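As you go down the protein sequences, you meet chains W and H in turn. Residue numbering for the first sequence follows our numbering, starting at 1300 and increasing by one per position. Residue numbering for the second sequence follows our numbering, starting at 44 and increasing by one per position.
These aren't lab readings, by the way, just hints derived from the structure by calculation.
Reference excerpt, derived from the structure (chain W facing chain H, CB under 8 Å, subset only): (1) Arg1490; (2) Leu1498; (3) Thr1531; (4) Arg1567; (5) Gly1583.
Some chain H residues well away from chain W (every beta-carbon gap over 10 Å; in silico): (6) Ile98; (7) His113; (8) Pro117; (9) Ile120.
Since the structure is predicted, the reported quantities are computational estimates derived from the model, not experimental observations. Using N, Cα and C, we set each Cβ at its ideal position, and we do this for glycine too.
Residue-level listing of the chains:
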Amino acid sequence: MAPVTEHAAQDFPTAALPLLHNAQLRSNVRHATDVIQGKRFRVVHEMPDWQLLRDAGQRIRQHALEYLDGYLEQFEHHCIAAGGHVHWARDAAEANRIVLQLARNETGRVIKIKSMTTEEIGLNRALEAAGMQPIETDLAELIVQLGHDKPSHIVVPALHKNRHEIRELFARTMNLPELGDRPEDLTEAARVYLRQQFLTTPIAVSGANFLIAETGGVCIVESEGNGRMCLTLPQKLITIAGIDKILPRFRDLEVFLQLLPRSATGERMNPYNSLWTGVRPGDGPQEFHVVLLDNRRTEVLRDPESRETLHCIRCGACQNACPVYRQTGGHAYNSVYAGPIGAILSPQLALMKSSQSLPYASSLCGACYEVCPVKINIPEILIHLRGRVVEGQPKLIRALHPEAVAMRAMQWIFLSQTRLKLAQWLGRIAQRPFIRRSGWIEKLPGILGGWTRTRDLRPLPEQSFRAWFQKHNPSSAEAPHD
Amino acid sequence: MTDVHGAASSARSEILSRIRSITGSGPQAESPREAWQAIPRLYRQHGTLDSAQCIELLEDRLRDYGARVHHAGPSEIPRTIAMILAEREKQRILLSPAVSASWLPDGFPFVADAALSYQALDACDGVLTGCTVAIATTGTLVLCHGAGVDAEHDQGRRALTLIPDYHLCIVARSAVVQTVPEAMHLLEPYSGQPITFISGPSATADIEMTRIQGVHGPRILDVVIAE
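Kindly generate the complete structure, drawing on both the sequences and the hints.
Here's what the structure looks like:
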């Protein structure tokens, strides 16, 4: 898995093309996103105060970022007072170094709870390079890991695989030739496979859903119980959390424990939420470390126009709602964070140096904003980031870019009614050879072909609205402009 | 570890000063405390259902998760527990400290947790606990671990309700609230202790979005609502 710090290999349209031809993948993605969306819709609409919860969620996240330095210090103070250790990492490499030093143990193994943050820093690769074996314990992450695959969704990372594909994978890698392909069979196989790891591996690595400044506590939200296994049974627990994960107080959970499960999996509450603070004699790991990760989150914070990207609580609702994601799945984004949130987060975490095609991987329809539990205005940030991509280009290229030239020409035409009329007249003549019998323009020549490559176009009508209006209201003078 | 710690202190100050160079320039007229208190919380803070409706809602939600729900009057708890355990064919049942001796039926080898090994826990048939708070709207049982505030609510260490495959939870009628904010308010005194929210048996929907009950935590959850 390439961390976002590296240059993305392919841009979005290039990477999406083969995926669009993969009918199996598209039907798997469509099914999974349909199911979650349906469940989400049902449980969100039974909440009379959903919009008020979203408002509060947005305000709490905004407030936490405004006072981030103080809250981080407060978290550190309380965590240490409860017997925990707190480390700070400026970037992925530093975080990996810290974890590697802490994770060495005689078994050479580490069990892991599904964590986007460890994907982001490429921790598994770093552990493997140091000769250690990270074992993913979330069912979907296990499927991804055993298949040397990449996660394709924040909440259900293996949604691109169906039961038959998973059956083949488990039968091969777990040496179970008789394995059935019912989801029950596959889940049981994973339970048996992982049970021994839980009971014998001395070290676990986790991410965090929330850090609570007031108590120094950590909260993890999960379904399968693999999270509870990892954070309860081993002797040592290492939690890696972005500095954006902070909540001011314990009470704030009352908002997020309502917003997150309904948005993420369409459940009223997910099966397990765990909260713990430092270490407790006789209960759970006796050594606990938190690694607070920046990895360019402070750069995201710096831009007031896109700062609210950091409000994200990683529910994945925007992915399920996005018409682009629903066509391509997560892999086309070529970044750890896919879908609408990935399209705004990845380029920013990469300092706009890679993932530059992602802000364009959207139709700006606004579905993501509507479902976002903390009201991140993703379409507006996408447009802002498109601006930043263009600003980043050399001036001459920017000025001579066909789109920029076309826009300047449009501006010049629109400024004068005479020019507009003339252009419309010319356009009506020029378009004639391209109008198909269906009444649509399906293909334009030359440089204009870029527009019709992925969409059809309505031709200019024979009569403009102004002409129609004048004809029906002969008394009305020319429009006041011009 | 020395180089980690040497780098750590500079990483800490660098990250904090980066943040201060950004947020420090903004309007921070209010103290964090005042600003936090000023956040509008117009969502439901209290439920509107009476106690009987709350219990009914909780029961509905628990059943929706695949848990089985029973009711018992104060004197019927031992009999109800005996009936459930017999039906489930469970014998060796672990006890959390919060379990009152008056609940226990005769004839079962109940096991108190005396720092048992994980293997010993794994060898038990199940675990019997109380419940600190139950949330009706979400069908959630909240367990506080450790005698931080009062032993009455100590549901034992977290491994007790994790390793055995069966969980029987006794919920006092008085512990049931309707909404999440009411529950968080009651949990405030335990905020520094380990807390587990349990909403049904463990589950996954990772394979074709089909909900499968019972992955790593207890696969079966029974609940007795004690009147």
